[in-house]
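> Working from the sequences, and respecting the hints, build out all of it.
So you can see what is in the structure, the chains are spelled out below.
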Amino acid sequence: MLQLIVQTAAAWVIPVFIFFILVYAVVKKVDVFDTFVEGAKEGFSTSITLIPYLVAMLAAIGILRASGALDLLTQFLSPVLTYFNIPGEIIPLAIMRPLSGSGALGITAEILNSFGPDSFIGRLASTMQGSTDTTFFILTVYFGSVGIRRTRHALTVGLLADLAAFIASVIICSLVFQ
Amino acid sequence: MEMINLIWFAMVIIGLVVSAATGRIDAVTDALFSSAEQAVSVAFSMISVMTFWLGMMKIIEKSGFINWIVKLLRPLSLLLFPRLPRNHPAMHAILMNMSANLLGMGSAATPFGLKAMQELQTINEDPNTASDEMCTFLAVNTSALTLIPTTVVALRAASGSLYPTEIVGTTILATFCATMTAVALDRIIRAMTRKRKRR
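Just so you know, the sequences run in chain order E and D.
At position 16 of the first sequence (counting the first as 1) the number is 16 in this note's numbering, and the numbers step up by one without a gap.
At position 188 of the second sequence (counting the first as 1) the number is 188 in this note's numbering, and the numbers step up by one without a gap.
These aren't lab readings, by the way, just hints derived from the structure by calculation.
Source: prediction; values computed, not measured.
Each hint should be verified, as a subset may be incorrect.
Claimed, not checked - Covered by chain D, per the in silico footprint, the following chain E stretches (three or more residues, Cβ under 8 Å):
no., stretch
1, 15–25
2, 30–37
3, 50–60
4, 75–84
5, 87–95
6, 104–115
Beta carbons are placed, not taken as given, at the ideal position from N, Cα and C, and that holds for glycine.
Okay, here's the thing in structure tokens:
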């Protein structure tokens, strides 16, 4: 039942949203096409401004991933997590989640394939993947687009929120699925 | 040195040193350029999405549809952005970004989010430094407040799960914990740093 609701919602939310916006706008006598074009003009320049920020951040993350530094960190953290009964296979995902969206999704897919999506690790990885976002990407893109240099406590808060999501996922999944 | 410079420097240097030590220096050169290429293609693929949703945003604002969303999410905006005027374009874009995130419309969330940053920047006292509202907005965004984790459900279904949606409940709970933590920490650290400045 829930599955049907979520899958239907995922497929219908954008079309329904657009339908209501356009019908409402026409009822309110807005020239929808002209207005759309007027707003859409900024899309190109905003996206292009992001290139230097994205290249800087993704290149650094690419170097870090290829170097094997993350594997070393995994080995280092593994005994600590085993002590708390947290499966060590989840660590690469926890490390990758704030750094790279595509990287984290790749690790989640790998975990789902090798352990099965309905295993405990599979459910835990799914919950972790969905419960937080790619902090570095969002900070780079959002601050970069307006030229903010001093980001104050935003990175600290973002990373601590990722840690909170990780801990919460482990506790909640242990209570619900074990 | 600013924080971001230090982190960027550390990421690159640690990567280079570790790769030299583990004998993966070739892989690092490849990764460097393929990542740079990926960055450009991310920016290019954002052009289409940005253009489309910024066009829709204009219609949403001009038609007054935005007022319904402002009304609907009023408690949330009062809680998170008490100093931001309700009818400011920045508030409009922030609420559109949150609605898109809540409904799992990932492609729409970033364009609305970037629009929100531009509008917040117009009322920022120091254009080089993040304002309080920007920090709060990013705290909510990096913790991914959502009601429909579409990507993960699709991935689980694709990898043959019998119950792709059984993680919806746990995900909503975990993301709620993350967002509460982020918002609370944002307030606490803001208050602490302000006190230090006054002294």
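> For every hint, state whether the structure bears it out.
Outcome of the hint check:
Using a Cβ-Cβ cut-off of 8 Å, 7 residues of the stretch 15–25 of chain E lie near chain D, which meets the minimum of three, so the contact claim holds. For the stretch 30–37 of chain E, the assignment as covered by chain D holds, since 5 residues bring a beta-carbon within under 8 Å of that chain's beta-carbons and 3 suffice. With a threshold of 8 Å between beta carbons, the proposed coverage of the stretch 50–60 of chain E by chain D holds, since 9 of its residues qualify and at least three are required. With 0 residues having a beta carbon nearer than 8 Å to a beta carbon of chain D, the stretch 75–84 of chain E misses the requirement of three or more and the stated coverage is violated.
For a cut-off of 8 Å, the count of residues in the stretch 87–95 of chain E with a CB near a CB of chain D stands at 0, and the three-residue condition is violated. For the stretch 104–115 of chain E, the stated coverage by chain D holds: 5 residues have a C-beta nearer than 8 Å to a C-beta of that chain, and at least 3 were required.
Violated hints, listed in ascending order, are 4, 5; each of the other numbered hints is respected by the structure.
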